[in-house]
Amino acid sequence: WPDVDLVLAPIGGGGLASGVAAAIKRLLPAARVIGVEPVGAASMRKALDEERPVVIRKIDTIADGLAPVIAGELTYEHAFSLMDDVVTVSDDAIREATSLLVSQQKLIVEFSGAAATAALLSKAVEAEDARVAVVISGGNLDPTLLAGMA
25 WPDVDLVLAP
35 IGGGGLASGV
45 AAAIKRLLPA
55 ARVIGVEPVG
65 AASMRKALDE
75 ERPVVIRKID
85 TIADGLAPVI
95 AGELTYEHAF
105 SLMDDVVTVS
115 DDAIREATSL
125 LVSQQKLIVE
135 FSGAAATAAL
145 LSKAVEAEDA
155 RVAVVISGGN
165 LDPTLLAGMA
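Under this note's numbering, residues 25 to 174 are what the sequence shown spells out, in order.
Note that these hints are calculated values from the structure, not bench results.
All of these numbers come straight from a predicted model, not from anything done at the bench.
Where a beta carbon is used, it is the ideal one built from N, C-alpha and C, also for glycine.
None of the hints are false.
Okay, the calculated beta carbon distance ranges per label pair: (1) E97 / D153: 31 to 39 Å; (2) S146 / V93: 22 to 30 Å; (3) N164 / G43: 14 to 22 Å; (4) R81 / R155: 36 to 44 Å; (5) I94 / A154: 25 to 33 Å; (6) Q128 / D73: 30 to 38 Å; (7) V79 / Q128: 33 to 41 Å; (8) T168 / V79: 28 to 36 Å.
Sequences and hints are given; from them, build the entire structure.
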């Protein structure tokens with residue numbers, strides 16, 4: 025198991041991110057775990073701010089896999105107790121991260137799966153000198169979009 029100081033994970037419904045947080049906190053208690061959501065679909069960030077899950081009235085993001093209208097009760101509890109923070113990233117940052125992952129790393133990754141990379145690249149989190157692990161998930165990228173990125 026690699027030593028990491030910081031783990032970034034995308035948050036949609038919250039299952040993946042809360043599972044990652046539970047595992048990391050058990051194996052590497054000192055590591056920071058930060059969830060990442062699109063600005064236009066920040067249901068977990070809003071839930072943490074209001075200390076309870078709340079309905080997001082307007083969802084506006086290219087990362088449709090990260091766009092629930094409300095954070096789940098269980099995943100909210102995990103985020104509240106296990107994650108060090110939840111940050112948001114713009115659709116432009118997500119688009120740029122997806123393009124970089126496709127063109128430079130040759131990874132087929134959907135917009136939702138590139139959100140955590142977007143947080144790192146856009147400096148939405150402080151990561152200088154940190155050993156970082158980024159969760160990259162989902163390969164449902166429209167082939168017409170893929171052609172323009174390769």
